[in-house]
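> One-letter residues, chain by chain:
There are 2 protein chains.
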Amino acid sequence: MQISSRFTLAVHIFACIDVFKDEYKVTSDFLAGSTNVNPVIVRKILGQLKAAGLVEVARGSGGASIPKPLSEISLLDIYNAVACVENGELFHFHENPNSDCPVGRNIHAVLDDKLMRVQKAMETELSSITLEDIRRDTKELIDGK
Amino acid sequence: MQISSRFTLAVHIFACIDVFKDEYKVTSDFLAGSTNVNPVIVRKILGQLKAAGLVEVARGSGGASIPKPLSEISLLDIYNAVACVENGELFHFHENPNSDCPVGRNIHAVLDDKLMRVQKAMETELSSITLEDIRRDTKELIDGK
DNA sequence: GTTATTGTAATTATTGACATTACAACAAAA
DNA sequence: TTTTGTTGTAATGTCAATAATTACAATAAC
Numbered sequence: 001m002q003i004s005s006r007f008t009l010a011v012h013i014f015a016c017i018d019v020f021k022d023e024y025k026v027t028s029d030f031l032a033g034s035t036n037v038n039p040v041i042v043r044k045i046l047g048q049l050k051a052a053g054l055v056e057v058a059r060g061s062g063g064a065s066i067p068k069p070l071s072e073i074s075l076l077d078i079y080n081a082v083a084c085v086e087n088g089e090l091f092h093f094h095e096n097p098n099s100d101c102p103v104g105r106n107i108h109a110v111l112d113d114k115l116m117r118v119q120k121a122m123e124t125e126l127s128s129i130t131l132e133d134i135r136r137d138t139k140e141l142i143d144g145k
Numbered sequence: 001m002q003i004s005s006r007f008t009l010a011v012h013i014f015a016c017i018d019v020f021k022d023e024y025k026v027t028s029d030f031l032a033g034s035t036n037v038n039p040v041i042v043r044k045i046l047g048q049l050k051a052a053g054l055v056e057v058a059r060g061s062g063g064a065s066i067p068k069p070l071s072e073i074s075l076l077d078i079y080n081a082v083a084c085v086e087n088g089e090l091f092h093f094h095e096n097p098n099s100d101c102p103v104g105r106n107i108h109a110v111l112d113d114k115l116m117r118v119q120k121a122m123e124t125e126l127s128s129i130t131l132e133d134i135r136r137d138t139k140e141l142i143d144g145k
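Note that the protein sequences, when read in sequence, are chains Y and C.
Per my numbering, the first sequence starts with residue 1, numbered consecutively.
Per my numbering, the second sequence starts with residue 1, numbered consecutively.
Read the hints as simulated data drawn from the structure, not as lab findings.
Any given hint could be a false lead.
If chains are identical, the list can't say which one is meant, so a pair holds when it fits in one copy or spans any two.
Restricting the straight-line Cα-Cα distance to at most 30 angstroms, the calculated cross-link-like pairs of lysine-lysine (BS3-like) are [to be verified]:
(1) K50 x K25
(2) K120 x K25
(3) K114 x K50
(4) K114 x K68
(5) K21 x K120
(6) K25 x K68
(7) K21 x K44
(8) K114 x K25
(9) K44 x K25
Nothing here was measured: the structure is a model prediction, and the numbers come from that model.
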């Protein structure tokens, strides 16, 4: 299975909020229009980002905003906020290896640290990219430089 | 979503084949016993590993074996063989960003290379671990050192 | 108060994972 | 050559996650 599109959606949402913050009120309907997903899905993602303190959402009056510098929000923050993997574990281990078998009894101990290393490598790379990078590259493309 | 347990299952299967190769005929039923998953699932995984040239399976007479040195089979080889992610793409991108929106039109171009970097970081780490590492650590635990 | 919007529940469709039953194809031993 | 054990594969079922959609109460500004 792939990592849920909630993640790329969330990044798209951040890019929109930043790009359009001065021109429009960036509502869930507006964001649904740009991402082409249902407004309710957008609101769920905004809810998760809000719970992580990464966005502010104006109830009633409407509109989302980003309450801190883009350089302080990494793709890892977003990845964690939208909870793409259960328990934060990238690999799904088969549930009940047979403990009566020498291999089944030890497979977890053998594999766990290695899988963790792989996961950390991925998360480290995610944490090295921030929304400021996204903003810069998006602006460059939009301005057609 | 997490990466399918087919991956950890496959590694478990390799460990079993190696550990028990001299004592038992390692059949799909035997492997099903150690992993605690259905023998048909084991056969499907063995089929994928066989297609990738990572195992040999004796039709009729039964039993699986590993046709090359453990040090030449990496976790990345296994990961690719069992096809845990579609198209080899770790991240599922939302399908139809609105091309009438400056952000929707450019989000792919902005994100693709960054996501690829993250994916490569993970795959590089996977490729640095081989079945020889698994064999060594498994043996150490089984022998109680 | 009217209006626009958010937060959330409920329902549905679709997809992948994994389990399970069943059986033909196959290979080796009796 | 029949018997036995095994593989490969199809068909079916269950379960969980994703995502779309409808509906509506709670909220905030005008």
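> What hint numbers does the structure not satisfy?
2 and 5
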